[in-house]
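Asker: The lines below spell out each chain.
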Amino acid sequence: MSTIAQKRGFGAVLWEYLTTVDHKKIAHLYLFAGGFFFILGGIEAMIIRIQLIKPNNDFVSAGLFNEMLTMHGTTMIFLAAMPLLLGFMNAIMPLQIGARDVAFPFLNSLGFWLFFFGGVFLNLSWFLGGAPDAGWTSYASLSLASEGHGIDFYVLGLQISGFGTLMGGINFLVTIINMRAPGMTYMRMPLFTWTTFVASSLILFAFPPLTVSIFMMMFDRLFGSNFFDASMGGNTIIWEHFFWIFGHPEVYILILPAFGIFSEIFAVFSRKRLFGYSSMVFATVLIGFLGFMVWAHHMFTTGLGPIANAIFAVATMAIAVPTGIKIFNWLFTLWGGSIKFTTPMLWGIGFIPSFLMGGVTGVMLGAAAADYQYHDTYFVVAHFHYVIVGGVVFSLFAATHYYWPKMFGTMLNEFLGKITFVLFFIGFHLTFFIQHFLGLWGMPRRIFTYLPGQGLDTGNFVSTIGAFLMAAGVIVILINIIMTSVKNEKVGNDPWGDGRTLEWAISSPPPFYNFKQLPLVRGLDAYWIEKMEGKKGMIPAEPLGDVHMPNNSFVPFVISLGLFIAAFGVMYQADEGNTWGIPVIILGLAITFGSMLARSLRDDHGYHIHKEDLMDDNDKGVKA
Amino acid sequence: MHAEEKMTLEKWPASPEKQTLEGKNKFVGFWLFLGGETVLFASLFATYLALKDSVPNSDMPLAKDLFEIPLVFTMTMILLTSSLTSVYAMYHMKNFNFKKMQLWLVITVLLGLSFLGLEIYEFNHYVHEFGHTFTSSAFSSAFYTLVGFHGAHVAFGLAWILALVIRNNKRGLNLYNAPKFYIASLYWHFIDVVWVFIFTVVYLMGMVG
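The listed protein sequences derive, respectively, from chains S and Z. Take the first sequence: its position 439, counted from the start at 1, is 439 in this note's numbering, and no numbers get skipped. In short: position in the second sequence from 1, add 624, done, that's this note's numbering.
Fair warning: there could be bad hints in the mix.
Stated by the list, open to error - No farther apart than 20 Å at their CA atoms in a straight line, the calculated lysine to aspartate or glutamate pairs in the DMTMM-like style are these:
(1) Z:Lys676 / S:Asp229
(2) Z:Lys804 / S:Asp229
(3) Z:Lys642 / S:Asp229
(4) S:Lys272 / S:Asp603
(5) Z:Lys648 / S:Asp604
(6) Z:Lys630 / S:Asp229
(7) Z:Lys804 / S:Asp498
Hint data in this document are derived by calculation from the structure and do not stem from the laboratory.
Excised from the complex, chain Z in its bound form (with noise of 0.2 Å):
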């Protein structure tokens, strides 16, 4: 099949992301990719849990000090939802319903944008209330690192979901832009699964121990 073709719902495949080789080398590519994007976080999480509370002096805000359940778990749910709604856009990509599909990635970008929202507001918070900065410690060095690379990585899909959303509005589905929506949606699970991991290791550990 040709990736410019012409598109109806009785020839749409059962996976349009990998009909094409284009497609399927974007899918195997995109699939190692985050591979190497979990060493990265990994690494970033390594570094966090060894400078963990490691503060020049004792006034300093400890992590028990700064984190409050009730806005990250607000954070935490609202972008597992996004990843729910993204689900839903790629579930209506494979019935070729171009116009769901655009409805769902329009409530995930809007999903992904109040996370950021409340992580500006939780970032400026910690700042204004506490001191703590991107210099005071090694500790809050290692805590805006990790946290602030997962939410570079939010912006920087919604920018992404945006434009493919926004590029491709006037003509539909194709099996030229199908992977490309694919993988975008992958790229949003995985930034939704490090959040997971984030919430688990730096604000429930840190609330704890």
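The shape of chain S in the complex, shown without the other chains (with noise of 0.2 Å):
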């Protein structure tokens, strides 16, 4: 927050929130809504493992034990983890390239709040008549069955923070393709980039299949069509297929921009160029072109067929190559570097046992034959809380400690940061590890409670405790954040001091505009080479110019809201006796397309900063 900020009031700083269309503070809303799912997600998660301290317990029954872990599955991935990254690419990618915001920065606003109120739609399911209860696959078979309104909460506020999703993606696209500073080639576009890169591009070709089966979802269960409905000549492997075609390139989404992440950090906290760049960036494509190929694999027991199961085994073996070039990459980074044991680092190096171990049992996993033993066992669960655990989350909390002085000014504590690592790394270990025995001894996963004397007590147990130690150090980095918040000592451009990529050469947080002047790039890690050279900044490839800059606008937040309306509309229309269902969708639409319409009618040239103005902001200390 800056001190101008703090001194408009309350009001003032709200509006601007609603209404901003700068990635960087659309980056801060991310931040803040992605970390309260976050905390909503970990709290979920908490009341599972509290059940399943020990056998036949009954802190919960089995049916609000099936809604915590589907709302724990699902808040993670769509509200907690991506939203988490999508903020860090909004904060950090354009600085990155060396641009002055993203293309869209209406869209991108818009991507925030449909997010946002989908988000929101999602979780008031647990005070209107109970969430979701199919898990966060949602089956069709099972979801169909599903009484109650959980499932269509499910559906429509998925619905609508997909929109918000898609519209991030082609963002970061078209800011790519577009924006880049005067000599950022593709092959000078540092890892965080690349990875955003690649990830968009992973949201833009996944995210339809999704909407298209949440479509049929929603059509089966309100209004009356049969997709999934085998007796009407329905088929539920279709929902199946759908979901994982977009579900296994959704858990390439999130592991990407954190790859990228650890990039940035191992070679900024070794002191070298990061190692294989080019083989690096053909890895990120790679894995993301991988990533469409593989989604059978999620249904090997579904009975496809020994040809189908073995092609899709041996693409999703193949996956582990580029992705070992990449562990590869990093360990040739370290080695030999000047390393420096700060917070993002401590999080980088737990992260490539962690991840690696992830890894593992994936390739485990992928050989179809003995994926029948460990179907739907804890086993599993142990596999995909160790890469998106051990990787995403472990990418987040580093970006969380690495970029903060970048987005907020002000450098986070290290010791108290250290903690916090300390704490979760064990936790994790602690909690996962021993689901891996767990499930191979026979656990299944997605059960309420279990029976005693069957070997299970004392891996649930140990689970359990490890869990509370994650707990624990999320509890300090809130704590962090809000000590270092109050304290608010200010830092300079460069608070690492050895920043390698353009995010580091402009003042922190940046101001509006980030660059007076657009910066020239001579190369890989630019700043670097001009700190190397003796400069104190960028050489700027333009003369100092007006800067045009994009309006505020309140609309993307109506548009979302009349969705978000629409919605329990569409919800409520299909029970019996209801007259006010197709109204309210009615009123819900005629708000979202009027506000489009209204928008596109409205020219919105934007504004002009003057040179004049900018030359006047030189004791801010932004140059280039």
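The two chains are supplied separately, each in an independent frame; assemble them into the complex guided by the hints.
Answerer: Listed below in structure tokens is the structure:
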């Protein structure tokens, strides 16, 4: 938060955030909304683990347990991990390529508000008759049989937030294609920008199948269609295919930006150029490509036949090759480097072995014949938590510590940061390592309790203790954030001292126009090159001139609100005797399309910051 | 060049849709969006093919009982022609001939409307003659969803082009609205291409197999 904002009073700040189109402020919104949902999903996880701490426990009922595990998975994937990553992409990627904003600032804001309203809608299910309870995959036979409106909340909430994510993806792609600073060729882009690029193209091609399958589920549940109803000629497997055609690329949408974040961190804190930059780029693109070829490995036991299973098994194991390239490149970056063990670096060091274990169990699961044994056991639960927590969540913690000064202008406390790391790292392995064995010993996933004397007691007890350690780690980072925000000690452009990329060449936080003059990029690690030549900042690529900026707008909020309202109508019109559903749908859609039309009829050319005003800004230390 | 600048024929550039950064962004962004839309329709096509003629009892009409070539052929021709007229509109836009561009866009809209009218007639016909409703079988659900999604895209495109035509009627062409016209016509071509696939996969293949 800038000091100017604090002086302006709460109402003005709120209005600023409701209407902002600035990628850095939208990043704050993503970070706080995503952080909120992360804590919500974490509480759900704790309830799951408390229920399983001992056999025959009755902390929650079986039905509530199903709701908890469904909402834990859905919240963590769609409302926590992805928005948090989108937040860091928003905050950092435009700075890394030397751009003044993203390509479509208005759509950027719209994307956030759609995600936010979708997330709120999904979570309102807790108060309006029960949450979805068919697992985050919501397989059709199960979810069509689910009573009440839980699944409808899932379907409509994810549809709304999915539109937002799709817009974000297109926006980042165009930004990277069109708005790189002079000299910033594709092969000079920092790895985080590259992974944002590939993850965004995965979003572009993976979300439409989800959109379609969610529409079909919505039609089946609320409008009487028969896509998944076998007695009417439907086919329940169609949902599984579409869900995983989306779902598998989705895990790469999550992990690739995580790879990017760690690639930045390893290079900076080893004070060495990233080893094998071009092979890193190649591996990223290859993982993105292969990510679309492996979806059926989630369906080995569905009965697609040995040929399909064999093909998908081989494709799955092939992904280990580019991922292995990355692991070795990181190790070689560390090798011989002048390593600084800062908090982000600790997360990075912890990430390599943790994620590697997830990758190894992934290859085990990819062996189709063996998968029949692992399928739907805690072995699978352990596997995907090793890749998603050990990969994605570790990277989110690392990025929070690493980019916090760039986003908010103040450092997080390093000591508390290291405590968070130790608590969370130990807690994570304590929770999930034993789950591999629980799975191999026969504990199925998604069961709400188990009997004593089956060899599962100790393992589950250990696992729950680990979960408490992770929760403690999260509490420490929250304390850290509050403490350092209150102190608010300002930092300079390059607080870590070893920044290599463009974002560290401008002030922390950057001014709203980012770069007074677009920088000239002379190679990979553009800022490092200038530093090595003894320069303080970047060489400008253009004379000082007027800067064109977009106007703030409240319309994205209203468009999203319209869909949020319409979603209630869609859901309740299917109830017997409901009369207000259809009018509410019409009202909501009228709000959405009306505000789109209003936006389109009114010209919005933005405004210019004049050269003279930019020159007055010199004291902020924002050159180039 | 500035987006708001008053334009003349002499100053009008060769690719008016790509002269400003906003225009370039819209151009690339919209092509990417169409890439996503392609996957969306591919998913709907896959669903349709999986559920084609999949009905709970044998009295229900199948694809070969429902479709009649004269009607859908007429619809196809109308939509293909509307794609051609939108090409004329873009030709006149590139030559800074605002009046003619508007005229051809209006013709495009009229053709689109007649296509939509025939589609509504067609659906109505299936419902009343064959009892082939959205809820009667998996086949009918998949059919109406695929063709209906296309129809909804047509309707949205009509509203979009019409809004552009009316909004800009008084002020003529400039570099601010040229990209808007251009991507609307891209969208219209995309809808047309999707229909070509629907005509082939749903109707022609429905008649023979």
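Asker: To test your reading of the hints: which numbers does this structure violate?
Answerer: 2, 3, 4, 6 and 7
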